[in-house]
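One letter stands for each residue in the lines below.
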Amino acid sequence: MIRTEGLTKNFGGLRVLKGVSEHIKPNEVVSVIGPSGSGKSTFLRCLNLLERPDAGSIYFEGVEITRRGIDIDRHRQKMGMVFQLFNVFPHLTVERNITLAPVLSGKKTKAEAAEQARVLLDRVGLLDKLDEHPNRLSGGQKQRLAIVRALAMEPDVMLFDEPTSALDPEMVGEVLQVIKGLVKSGMTTIIVTHEMGFAREVSDRVLFMDDGVIAEQGTPEQIFGNPQNPRTKEFLSKVLY
Amino acid sequence: MWSGIGDKLVRIVARYHGLFLEGIGMTLLLSAITVLLGVVLGSFIALLKMSKFRPVSWLATIYIEIIRGTPLLLQLYFFYFVVPEALKFIEFNKFTSVAAALALNSAAYIAEIIRGGIQSVDRGQTEAARSLGLTSRQTMWEIVFPQAVKNILPSLCNEFVMVIKETSLASTFFVGDLMTQFKTIQGITYLSFEPLIVVGAIYFVMTFLLSKLVAAYERRLKASD
Ligand SMILES: Nc1ncnc2c1ncn2[C@@H]1O[C@H](COP(=O)(O)OP(=O)(O)OP(=O)(O)O)[C@@H](O)[C@H]1O
Ligand SMILES: [Mg+2]
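Here the protein sequences come in this chain order: Z and R. For the first sequence, the positions run 146 to 386 when this note's numbering is used. For the second sequence, the positions run 2 to 226 when this note's numbering is used.
Please note: incorrect hints may appear among the correct ones.
To give a feel for the contact side, a few chain R residues facing chain Z, derived at Cβ under 8 Å [as the list claims (entries may be wrong)]:
#1 R131
#2 L133
#3 G134
#4 S169
Computed far set for chain Z versus chain R, every beta-carbon distance over 10 Å [what the hints assert, rightly or not]:
#5 E167
#6 E206
#7 I215
#8 R268
#9 K329
#10 M341
#11 D349
These aren't lab readings, by the way, just hints derived from the structure by calculation. Just so you know, even glycine gets a beta-carbon here, dropped at the ideal spot from N, CA and C.
Please take these sequences and the hints and turn them into a complete structure.
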């Protein structure tokens, strides 16, 4: 579904991605873990070209989206993204947050989008907030809104960048619950996370990133139960205890 | 100077209130035109300045720096004496020369206000919009600009207050603004102090009220955040 080849990204003189080649298959749930600054966010943000890689290529559903002249907006519609800091639109109501993109892209009529918004909000328990502005929502509610906002475009893959890192501990659960439901429904998912328990529970595969490369990968059992790379061991021993 | 001042003020206001009113009208008209044109031109210049194509953004920078780095009075002279000569095919009168100079001057400041307002919108907003597949234009109009307006409007109102005071420089060319009326009345009555007091009071009341309005408006915006 998503394939990268030799993905490289520099920020100024700093080489943040050093040739990442990876293949995410349909319906797969992949967690990305690793120390701070190892390039996890950059990798994820390259996938929908929020960051332009300096070298290497990305194929999404068979199309090379890194090619010049490609209509990236059309492909981004198929890739939902959820950010650490929610990035909900504060000037729009909860409903408009959700209906904006489907309507603007011509995917849905206003009425269809409004109906869909109700269904989605109901699913994450926010139906009563339909007409509120996001500043009236808690962090956990904002993030649930951000998730259904992305889902409204009916994407083929969802990208999560530390969706619970900015939340108060008591709100982490409600957001993870929503993501869990999504994963169960078969959504192809890539999630950068520091929630090791969650990664272990939902992932088909775990990528350990270190210093701009995927240093080790495997099933959750392999990575968490029997890591091979000393860097993985070191990282896990720090975060697990 | 102070003897009978109250009487003189009352008499000046009674006799020349028509002139003062005309002056207020002209000052407000000139200010409104300046800011309106300034917003149109300023938006354009701000867009140029934010262009990713370097030469275009330099052009905007050069414009802004030249306008901000030279006196407004000089710019007024330039538009009064030089520009009509150079552009003979356009008919300039006093008013258009002065209005053009004021608007082009204000546009430079307004461009920076607009650019600042746009850039103060969190980058995450743009990223979220683009990640949903919105085009850069849709992102600008639906997401960034509506939020930027909140930052821009109060500053624009303050710019309007500044411009009200700056239009007084236009009296150099007797365009009929409030300051021109001072000169006219001074010419008739040979009084300086009293008409200055009146004109000053009018400027003060206008700008003071407007500033208060802006401040109240800003508080309301903050409250709605
Ligand atoms: N826009 C940018 N400009 C300059 N440097 C950047 C930029 N974005 C990221 N970096 C740098 O790139 C490196 C990798 O950043 P990245 O955000 O991908 O790390 P990460 O693995 O997601 O870390 P964290 O766990 O802290 O989120 C860091 O050193 C960071 O400072
Ligand atoms: Mg990160």
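Results for each hint:
| no. | hint | result |
| --- | --- | --- |
| 1 | R131 | holds, 7 Å |
| 2 | L133 | holds, 4 Å |
| 3 | G134 | holds, 3 Å |
| 4 | S169 | violated, 38 Å |
| 5 | E167 | holds, 19 Å |
| 6 | E206 | holds, 14 Å |
| 7 | I215 | holds, 13 Å |
| 8 | R268 | holds, 19 Å |
| 9 | K329 | holds, 23 Å |
| 10 | M341 | holds, 26 Å |
| 11 | D349 | holds, 24 Å |
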